[in-house]
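Visitor: Sequence:
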Amino acid sequence: MAEDIHHPHDVMVRAVLSGVAEATNFLQRHLAEEVSQALNWSTLKLVEGSFVDEDLRRSEADLLYEVAHVSGEASVWVYVLLEHQSTPDRWIRFRLLKYCCRIWDQSFREQPDQRELRAIVPLVFYQGERRWSYSSEFADLFAESVRAWPGVPRFSHGLIDQSGLQPEEVQGEFKVQIMQLLLMAAYHPALAWMERVARLLDSLSSLPPSGGLNYMRIFVLYILATQEPEAAESFREVLRRHAPQVGDDLMTYAQELVAEGEERGEIRTQVSIIEGLLRVGATWAMIEGATGVNEAQFQVLKQQVEAMMNQ
Numbered sequence: 000m001a002e003d004i005h006h007p008h009d010v011m012v013r014a015v016l017s018g019v020a021e022a023t024n025f026l027q028r029h030l031a032e033e034v035s036q037a038l039n040w041s042t043l044k045l046v047e048g049s050f051v052d053e054d055l056r057r058s059e060a061d062l063l064y065e066v067a068h069v070s071g072e073a074s075v076w077v078y079v080l081l082e083h084q085s086t087p088d089r090w091i092r093f094r095l096l097k098y099c100c101r102i103w104d105q106s107f108r109e110q111p112d113q114r115e116l117r118a119i120v121p122l123v124f125y126q127g128e129r130r131w132s133y134s135s136e137f138a139d140l141f142a143e144s145v146r147a148w149p150g151v152p153r154f155s156h157g158l159i160d161q162s163g164l165q166p167e168e169v170q171g172e173f174k175v176q177i178m179q180l181l182l183m184a185a186y187h188p189a190l191a192w193m194e195r196v197a198r199l200l201d202s203l204s205s206l207p208p209s210g211g212l213n214y215m216r217i218f219v220l221y222i223l224a225t226q227e228p229e230a231a232e233s234f235r236e237v238l239r240r241h242a243p244q245v246g247d248d249l250m251t252y253a254q255e256l257v258a259e260g261e262e263r264g265e266i267r268t269q270v271s272i273i274e275g276l277l278r279v280g281a282t283w284a285m286i287e288g289a290t291g292v293n294e295a296q297f298q299v300l301k302q303q304v305e306a307m308m309n310q
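In terms of numbering that gives the first Met the number 0, the sequence shown has 175 at position 176, counting the first letter as 1, and numbering is strictly consecutive.
If you are wondering where the hints come from, they were derived from the structure by calculation, not from laboratory data.
Careful, some of the hints might be misleading.
Taking lysine to aspartate or glutamate pairs in the EDC-like style, the calculated list, with each CA pair at most 16 Å apart, reads [stated by the list, open to error]:
id : residue 1 : residue 2
1  : 97        : 72
2  : 97        : 112
3  : 97        : 53
4  : 97        : 128
5  : 97        : 168
6  : 97        : 160
7  : 97        : 54
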């Protein structure tokens, strides 16, 4: 539960794209056609684990899939890296190559006698404020005068840049649409995404849980963890009009989180939950009623967390 608050992008993306149907739909839409046609999609499966640097997990999430090649000769890995920053990062190519090397390292630990490296198809999924402006070629990180030298690695990645999309342009499987819209919302706080998400969540709330996951809870937790106060208050108003049940669920899940945090005795988690409630426009009267913590006590808890982080 603490992980849900502290790594919200990773938790939501992993929950949604861990589903084979959702992942297949998403990848088939975005991989290069020649790659997509070379893969036997009925064999797709998620490989557990993450290869992202720990200090970047608030802004990056990753998923690794294994899928058979249509030739039947070998399997291929498809590696998706979600880059959730406001601006493009020229060094994503360097980190991607490092993460791919970690994947190959793990494969050698599991199969030390292999004779060939398995192919990795790297795909960057970018949701930012500005359009992606950098090359996807690793060699372009070097001075132009040496890019053709034999020692310069030949490596490139696919790119999904949704920074310029309008909410109505987002397509795909039902839950994947909600995921993409909520990721976009951090940098595009427009009423259009709020109304579309509210309608999608309202439809989702009428469906039974699938795959053992409560997706409504996952999406509501993401909203709690990521929305700024002004956007969150606007979103609550939209929910009241289009999906009143979802608005009720938001406070219900927040209260559940508080109870879990108290049971586990996690001060950092309690602080994160209260910060999330403030972001969605909860008053201190509501917060104290749900958590038993008033504003003055909250400031003391925050100081305790800051002290622990500085130790």
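Visitor: Compare the structure with each hint and give your call.
Guide: Here's how the hints hold up against the structure:
1. 97 / 72: violated (26 Å)
2. 97 / 112: violated (22 Å)
3. 97 / 53: With a Cα-Cα distance of about 14 Å, the restraint between residue 97 and residue 53 holds, given a limit of 16 Å.
4. 97 / 128: Violated - the C-alpha atoms of residue 128 and residue 97 are around 26 Å apart, more than 16 Å.
5. 97 / 168: violated (33 Å)
6. 97 / 160: violated (22 Å)
7. 97 / 54: holds (15 Å)
Consistency with the previously given hints fails for numbers 1, 2, 4, 5 and 6, ordered from lowest to highest.
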